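Asker: So the chains spell out like this:
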Amino acid sequence: MTEALLEVKASPLDSEMVINMGPQHPSTHGVLRVILTLDGERVVKADQEIGYLHTGMEKLAEYKKYNHVITITDRMDYLNSTGNNLGFVLAVEKMLELEIPPRAQAVRVIMTELQRLASHAIWIATHGLELGAMSFFFYGFRVREMVLQLIEAACGGRMMPSYFRVGGLARDIPDGWTQRVLDLCDTFERETVPEIHTLLTTNPIFRARTEGLGYISAEEAINWGISGPALRGSGLAHDLRRASPYSGYENYDFDIPTRREGDVYARYLVRVDEMKESVKIIRQAVQKLPSGPVKANAPRIVLPDRHLMKTQMDALIYHFLITCDGFPVPAGEVYMPVESPRGELGFYIVSDGGPKPYRMHVRTPSFGNLQALPRLIEGHLVADVVAIIASIDIVLGDVDR
Amino acid sequence: MNNQAQLSILQARFATEIVESKEQWNELTVVVKPDAIVRVSQFLRDEPALAYDFLATVTGVDLGVDADPRFEVVYHLYSYTHRHRLRVKVRVNEDESVPTVTSVWKSADWYEREVYDLFGIRFDGHPNLKRIMMPDDYEGHPLRKDFPLRGYTR
Numbered sequence: 002m003t004e005a006l007l008e009v010k011a012s013p014l015d016s017e018m019v020i021n022m023g024p025q026h027p028s029t030h031g032v033l034r035v036i037l038t039l040d041g042e043r044v045v046k047a048d049q050e051i052g053y054l055h056t057g058m059e060k061l062a063e064y065k066k067y068n069h070v071i072t073i074t075d076r077m078d079y080l081n082s083t084g085n086n087l088g089f090v091l092a093v094e095k096m097l098e099l100e101i102p103p104r105a106q107a108v109r110v111i112m113t114e115l116q117r118l119a120s121h122a123i124w125i126a127t128h129g130l131e132l133g134a135m136s137f138f139f140y141g142f143r144v145r146e147m148v149l150q151l152i153e154a155a156c157g158g159r160m161m162p163s164y165f166r167v168g169g170l171a172r173d174i175p176d177g178w179t180q181r182v183l184d185l186c187d188t189f190e191r192e193t194v195p196e197i198h199t200l201l202t203t204n205p206i207f208r209a210r211t212e213g214l215g216y217i218s219a220e221e222a223i224n225w226g227i228s229g230p231a232l233r234g235s236g237l238a239h240d241l242r243r244a245s246p247y248s249g250y251e252n253y254d255f256d257i258p259t260r261r262e263g264d265v266y267a268r269y270l271v272r273v274d275e276m277k278e279s280v281k282i283i284r285q286a287v288q289k290l291p292s293g294p295v296k297a298n299a300p301r302i303v304l305p306d307r308h309l310m311k312t313q314m315d316a317l318i319y320h321f322l323i324t325c326d327g328f329p330v331p332a333g334e335v336y337m338p339v340e341s342p343r344g345e346l347g348f349y350i351v352s353d354g355g356p357k358p359y360r361m362h363v364r365t366p367s368f369g370n371l372q373a374l375p376r377l378i379e380g381h382l383v384a385d386v387v388a389i390i391a392s393i394d395i396v397l398g399d400v401d402r
Numbered sequence: 018m019n020n021q022a023q024l025s026i027l028q029a030r031f032a033t034e035i036v037e038s039k040e041q042w043n044e045l046t047v048v049v050k051p052d053a054i055v056r057v058s059q060f061l062r063d064e065p066a067l068a069y070d071f072l073a074t075v076t077g078v079d080l081g082v083d084a085d086p087r088f089e090v091v092y093h094l095y096s097y098t099h100r101h102r103l104r105v106k107v108r109v110n111e112d113e114s115v116p117t118v119t120s121v122w123k124s125a126d127w128y129e130r131e132v133y134d135l136f137g138i139r140f141d142g143h144p145n146l147k148r149i150m151m152p153d154d155y156e157g158h159p160l161r162k163d164f165p166l167r168g169y170t171r
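Top to bottom, those sequences are chains G and U.
When we follow the working numbering, the leftmost residue of the first sequence carries the number 2, and every step to the right adds one.
When we follow the working numbering, the leftmost residue of the second sequence carries the number 18, and every step to the right adds one.
One chain only, chain G, in its complex shape (with noise of 0.2 Å):
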């Protein structure tokens, strides 16, 4: 190597560094490459690379039948499947003005609010691990898995459930299912929250390396496009379950956790307090479930039961027309917002009419969160930049689609 290439510094230590932190970093839980300019040990600027994963969700939705389309929406946020298809239904439910049955209803709650255990679930895991507290890592992935077992059950798939359709729900749950569900909230209430509590809450290294960390106020937080448990953490009691309900959620008790301090310890405790009201709504779901169907009526679009297509004629006819054609919407736009894990999820859909959406787009709460990054990681060390990013629950099948 010639000398010319070589650059000498009087002191090292006055020169900022830039260093790369991913695409595959343990921490992204994903690939997302952050360019941090340090100074020392401190960031002093921060960049974003983020679609590595950009899968053309919303391109490949516009081939598809609204059917269909619930296959690739729980592709989206792998974490919160269920609630993913939730949101799809529900807007493409709007644009038909279809009437779900409260069965259904109830059941997608249930659903839902099981996920969202899941999600919270594993996001303590991960972000235990990424302050170096190993054994809450194992109990979330424990809790995650009672939750999938729960769901393969009732519809087969663990992390792809698709279970939801269009007027109501593929299938009615199985026996016994529901006690199954109320003893993976005893075990939650009994062992899992006082173990949360005894390893994180209360542990001196986890409160030290998250208090007074990455500190955002509501009213900036909001201006950078932060959603949920994030904002929630900065004090503001929104929940789009109580702000717009959908799905029944009017008719549930429970309270919105909040925290006015900001920071990434305040961010953890709201995410701890909503997996206990999730148990709450779950509970009354369960105990409230009412019979009946769990499809609405209405044979040009929800498919019929297998034993009607085998007996009735007008079954049949409406099963080989809702397989091949699809079912028209009515032309219009339509955006439905319903409370995910991470935020305000968003579908957007425009219809020409036919069976296939001219064109969906998704807001993804992490897409918003993710963005404040920087905001959030300037100024702080290197090693908290991990704390960081954790603390805002990023999903990347959910910010690049």
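Please keep in mind that the hints were generated in silico from the structure rather than gathered at the bench.
What you are looking at is a predicted structure, and each value in this text was computed from that prediction instead of being measured.
Cβ coordinates follow ideal geometry from the N, Cα and C atoms, glycine included.
Take these hints with a grain of salt, some might be off.
[What the hints assert, rightly or not] List of simulated lysine-lysine pairs, DSBU-like, C-alpha gap at most 35 Å:
| # | chain 1 | residue 1 | chain 2 | residue 2 |
| --- | --- | --- | --- | --- |
| 1 | G | Lys-357 | U | Lys-147 |
| 2 | U | Lys-39 | G | Lys-60 |
| 3 | G | Lys-277 | U | Lys-123 |
| 4 | G | Lys-289 | G | Lys-95 |
| 5 | G | Lys-60 | U | Lys-50 |
[What the hints assert, rightly or not] In silico contact screen, one side only, chain G against chain U (beta carbon under 7 Å); selected entries:
| # | residue |
| --- | --- |
| 6 | His-55 |
| 7 | Ala-244 |
| 8 | Gly-347 |
Model the placement of chain U on the given structure of chain G, informed by the hints.
Answerer: Chain U alone, transformed into the frame defined by chain G:
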């Protein structure tokens, strides 16, 4: 506040800038002229009766190769104070651009970059207008209707 009341406030302030308005499924859509979008946005954010502090998302719609204007840029707004929603639209052609609203809401930064990347609509005055999802040297804009699902083949 209901949709009609919001619309009358907007119409009183921007009589000539509003091209069209529509209410469907209880959702209000207002179409404004492209050069007025920053003024309208600022008003929507600062007017206490509206207080649209949250820009939920910005996206595009390609109305087809032959449509004139071809593209719609769609802004979804939400007010945390009043808990109401509004959809604002701007219609542009392929060679036209839209003023950026990053001065009004910081979150517009990535949303507009995404629309630029996937539709090729330029945003004037954007601080960092470059591709966000696709590689920097990628050719074409995937969400346009004339971009085939499998990409261009040679």
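Asker: Keeping to a limit of 35 Å between CA atoms, is the pair of G/Lys-277 and U/Lys-123 held or broken?
Answerer: Holds: G/Lys-277 and U/Lys-123 sit about 33 Å apart, inside 35 Å.
Asker: Does the nearest C-beta of chain U fall within a distance shorter than 7 Å of the C-beta of G/Gly-347?
Answerer: 6 Å, holds
Asker: Are the Cα atoms of G/Lys-60 and U/Lys-50 separated by 35 Å or less?
Answerer: Given pair G/Lys-60, U/Lys-50 holds - Cα atoms ~27 Å apart, limit 35 Å.
Asker: Under 7 Å, Cβ to Cβ, is where G/Ala-244 needs to be relative to chain U, so tell me if that hint holds or is violated.
Answerer: 5 Å, holds
Asker: Does the nearest C-beta of chain U fall within a distance shorter than 7 Å of the C-beta of G/His-55?
Answerer: 4 Å, holds
Asker: Would the hint linking G/Lys-289 and G/Lys-95 be met if the CA-CA limit is 35 Å?
Answerer: The given pair, whose Cα atoms are some 25 Å apart, holds under the 35 Å limit.
Asker: Holds or violated: are the alpha carbons of G/Lys-357 and U/Lys-147 at most 35 Å from each other?
Answerer: 31 Å, holds
Asker: Run the distance test for U/Lys-39 versus G/Lys-60: straight-line Cα separation, threshold 35 Å.
Answerer: 26 Å, holds
In summary, the structure agrees with every hint in the numbered list given earlier.
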